[in-house]
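Enquirer: Bring the two chains, given one by one in their own frames, into a single complex with the hints.
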Amino acid sequence: MSRPPLLVAKDVSKRFGGVQALSEVSFTIGRGEIYGLIGPNGAGKTSLFNVLTGIYERDEGTFVFDGRPLDRVKPNQVAERGVARTFQNIRLFQNLSALENVMIGRHVRTKAGVFGAIFRDPKTRAEEAAIERRAYELLDYVGVAKRANDLAKHLAYGDQRRLEIARALATEPKLLALDEPAAGMNATETQGLKRLLEDIRRDGTTILLIEHDMKLVMSVCDRVLVLDYGRKIAEGTAAAVQSDPKVIAAYLGGEIALNMKGA
Amino acid sequence: MSRRPGAAKVPPKVWAGVALVALALAILPFVAAFAGQAWVRILNFAMIYIMLALGLNIVVGFAGLLDLGYIAFYAVGAYMYALLASPQFNIHLPFWIILPMGAALACVFGVLLGAPTLKLRGDYLAIVTLGFGEIIRIFLNNLNAPVNITNGPQGVNLIDPFRVGSFSFARSEMLGGIYFSGPQKYYYILLLLTIGVIFVNIRLQNSRLGRAWEAIREDEVAAKAMGINTRNVKLLAFAMGASFGGIAGGIFSATQQFVSPESFGLFESVIVLAMVVLGGMGNIPGVILGAILLTLLPEVLRYTMEPLQMALFGRVILDAETIRLLVFGIALVAIMLYRPAGLWPSAVRKRELEVARAPEAAE
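Residue numbers (the numbering used here), protein chains in the order written: chain A, 1 to 263; chain B, 1001 to 1363.
Isolated chain B (complex conformation) (with noise of 0.2 Å):
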């Protein structure tokens, strides 16, 4: 059964070419600070997206599902920091339990939500989703008064970083010669952890399971007549989803060290969906390719609008806020339009050119 002959022997070429990739990364952040420290804060941005997008890749790309509230997995993990590693309520646990408790937690929230919906696909299915993260974000909002939980609108704020023993992530230091800074330590972290969740989101995708989710995409009666479970697969898919995102908003709690409801609204949904479908829905390195375009997007904007008018109209016209969402939105509907599967879709052809491959594996 050595039908893929990458799993026996790797050649020398594709070690190189990780090694490569690998330096990269490595060396990015540094790399990065050359333009400020604010991009490698972008860069751990990114790779927070890139989980978030990934989460959802599962739901809305494997399992077929338009999920439009996904977020309050996102706030639910999130808070799940901010309340257990912060002044708040004067409990001080390390990330690592709390890591594995917010995805717990946004995996319930996940069932919660998956449970009533099992039911519904298509518009009528975004309807009760979007209602959903709606009402955990207002939720997190109120739960102030009669007892104050979250603080309301104004947040958790003083939120504890990431720390093993004394070492803080967020504490700029010289560590073996090397200057970093808080945000360049917590790209290391962050990249192990995104890492980790790209490696699961690949094997679950190559699997009993991630087949399952693709059938109901693509056919739920069909997948119930092949005794496909569709209820228990389709709660899966959503707990599956939102634990990535209860993992993900953890970490924004973490890097931000301050968490409020205003960062979880309908908005932040949208854009997580637009980096899904923007990159290739169901196409894992399409999906990341989407998260990090759409993160650094708006910030090259944000840092190129107003020397470029300066440099075309002599003045600023359009403050760089506005014209940023304008741009924005122009280059999502192009995408749309010309590349309607997204960036990178899935490797439909690819595996069209493997036929000649497929007979002698047959007998």
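Just chain A, with the same shape it has in the complex (with noise of 0.2 Å):
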């Protein structure tokens, strides 16, 4: 791995009461991957996204993202530094349109205030016409501007999550962190979701997937992390972390123990 690292991660935990949700997890995801996170329900990954995006403050540990370490950072100015997430229980912003939540996406990247939303002075109403036909061409870039102007809870499950993709890409980040896109998807509709990852990566944004999808993690990602209990257990690229006894066992554990739990 000879990437330059985007994101450093060191001895990150958080703790919920008495729950160890993260334990000492360190990472560093280099520029231009996709960078997986796998581990069975209740392993920790979302708390790394709450985590890592400011919706919850970590206990210990620190992030240095493109170059600047990311300390007591409220989730809006984690969005501004270049990190944009999607959310494993789709909050898109329901009764607005598409093309709205999209449009607010841009909010981070554009100025106009009171003055300028009252006057329209020409330098709002071009900063307003970019947000839209920025706006539209995520909506294309993602496929769903058939969609534009019906509002968010009207679309399929599916073009729900892609939207959520293209709001989030509206931002500009640096680091996309998507937690669990393909839930919900079919097999054609995750063939889908993979090329636009790929299509993502190459334009050039780093990406950070939480996944349950097994084939589509080891199809798209160049590594993977796997938590169990909070804690990192294996690290590498797919086929290495497919093969560690030590992943197995957690994953298999994890189930037999489901399974007597619901026998």
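Please keep in mind that the hints were generated in silico from the structure rather than gathered at the bench.
The beta-carbon is built from N, C-alpha and C at its ideal position, and this holds for glycine as well.
Check each hint, because a few of them may be wrong.
Taking lysine-lysine pairs in the DSBU-like style, the calculated list, with each CA pair at most 35 Å apart, reads [to be verified]:
no.: 1; chain 1: B; residue 1: K1119; chain 2: A; residue 2: K111
no.: 2; chain 1: A; residue 1: K153; chain 2: A; residue 2: K215
no.: 3; chain 1: A; residue 1: K111; chain 2: B; residue 2: K1009
no.: 4; chain 1: A; residue 1: K194; chain 2: A; residue 2: K215
no.: 5; chain 1: A; residue 1: K174; chain 2: A; residue 2: K146
no.: 6; chain 1: B; residue 1: K1119; chain 2: A; residue 2: K246
no.: 7; chain 1: A; residue 1: K74; chain 2: A; residue 2: K194
no.: 8; chain 1: B; residue 1: K1009; chain 2: A; residue 2: K123
no.: 9; chain 1: B; residue 1: K1119; chain 2: A; residue 2: K123
no.: 10; chain 1: A; residue 1: K123; chain 2: A; residue 2: K153
no.: 11; chain 1: B; residue 1: K1119; chain 2: A; residue 2: K174
Computed spacing ranges between beta-carbons, pair by pair [what the hints assert, rightly or not]:
no.: 12; chain 1: B; residue 1: S1172; chain 2: A; residue 2: K123; range: 43 to 51 Å
no.: 13; chain 1: B; residue 1: V1031; chain 2: A; residue 2: N95; range: 33 to 41 Å
no.: 14; chain 1: B; residue 1: G1196; chain 2: A; residue 2: P122; range: 36 to 44 Å
Expert: Here you go:
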């Protein structure tokens, strides 16, 4: 791995009361990588996302993003620095159109304030036109341009996932963090998603991917980090991780325990 | 980028429509005067309420922050005007200076209310804002001792009307051969201000800020994750909403020429909120409709309930004041049952019909 690092996480820990959601997780994501984050349910994947994007405060550890530490920053500042995310349980702006959802993604890269809003000076008008144009481009890029004027909540599930990616891309992220983008998709849709992820990477955005669809993870990720009970148990190429006995134990063990509970 | 055809060329039909509405608005106070000058005053009140409701709509309708103390900003604007244009301190500043000052002061109060409540939503926010509204009213009620500032429960009297040079908006006189009463003169300046407020609201809604407000209303966590500084944007909603309240308050002072704390109770806050909810939260035409209806309905009932009872039963069973509130309440409940999104909700459907046009613009 000779890629220059984009995100360096060091000993990141997070507790919720007595539960250790994350303990001393360290990893490095290189620029231009698609970096997978996998693990059984409750392993701490989404917690890691929330700590990274500032939604939770971490207890210990550091993130260095793009050469600068990401300390005590609010979620909006994280987005400003260039980390955009999607959510496991889709969080679109339901009662706004698909287009408006993506336009809101442009907020952080645009400037118009009260004065511009009221007087619509030429600069504001140009900015608004650019926002709209870019939003249409992104809708087209992820393949939901036809639904631009539909309310987000009226979009099909797969389209909602794609729209969320478009909204995240609108913030011009350096790192795009996707939380289970393939959840609920059928095989065809997942294939389409894979192509989209490869396009995004090719166009210069690094991707951090939480995913349960192992076929997708194995085919698209350069490297994979495996979490179990908040600890890093393996890291490496998809093939290496797949044959790691600890990983197999975590997954099988987890499943057996689950089955026994259900019985 | 000519996605909105209206922006490029306005068809003559639209111009004709605008001209017709303008004409109707221009002669309205004279039509109303046939029913009595009281009705012209009611029209003026409707416009004050439109401004109030539009201000509250920014906070409640756009940003989704339930504010039950909104009337406090109205009070701040009203007292600002009352104290700077009355014999109370013998200060008599012109209205075009005080109105912006009132808006600015209300704006400051908006931020003062907004700052400590940033983390609250829904019911909790409603309780805090309700408390804030009451605090302001009680302050105004008690600021007559040890130093008399607001004149306490007696209120401030003999407030200056709007005046430009020697032209007073309160005086009835012949102008160009037409007799104008005081309320009729006020009507025109209020109409101008109301159109201004509506214009600003429309512009705000269709802007980067308006979208940020709506994003916060829809999902605050997602809004933050998209890089929206929710703290600043929420404070701005409070500040903008409050400033409209402040302007409306100043106008109220000048038209009534008298203010007292009684005018700024919780009931007023609730009525203004009802205008917003009933009309169609977040939709500017709906809110305007709500404000007009809720101003007119009680007045219409006031004048019709007693004759109606006489006709039906031959005597007055319930006095007008009682039955007015009863019918008013029933009407509110009925509207909420049958039109839960408000009388005129935002054009969700219209938007869906526009789909056909979208793909061309996407290239």
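Enquirer: Now tell me, hint by hint, if it's right for this structure.
Expert: We went through each hint and held it up to the structure:
{"no.": "1", "hint": "B:K1119 to A:K111", "in the structure": "25 Å, holds"}
{"no.": "2", "hint": "A:K153 to A:K215", "in the structure": "29 Å, holds"}
{"no.": "3", "hint": "A:K111 to B:K1009", "in the structure": "29 Å, holds"}
{"no.": "4", "hint": "A:K194 to A:K215", "in the structure": "10 Å, holds"}
{"no.": "5", "hint": "A:K174 to A:K146", "in the structure": "27 Å, holds"}
{"no.": "6", "hint": "B:K1119 to A:K246", "in the structure": "43 Å, violated"}
{"no.": "7", "hint": "A:K74 to A:K194", "in the structure": "31 Å, holds"}
{"no.": "8", "hint": "B:K1009 to A:K123", "in the structure": "22 Å, holds"}
{"no.": "9", "hint": "B:K1119 to A:K123", "in the structure": "34 Å, holds"}
{"no.": "10", "hint": "A:K123 to A:K153", "in the structure": "33 Å, holds"}
{"no.": "11", "hint": "B:K1119 to A:K174", "in the structure": "30 Å, holds"}
{"no.": "12", "hint": "B:S1172 to A:K123: 43 to 51 Å", "in the structure": "48 Å, holds"}
{"no.": "13", "hint": "B:V1031 to A:N95: 33 to 41 Å", "in the structure": "39 Å, holds"}
{"no.": "14", "hint": "B:G1196 to A:P122: 36 to 44 Å", "in the structure": "22 Å, violated"}
Going through the hint list in order, the structure does not satisfy hints 6, 14.
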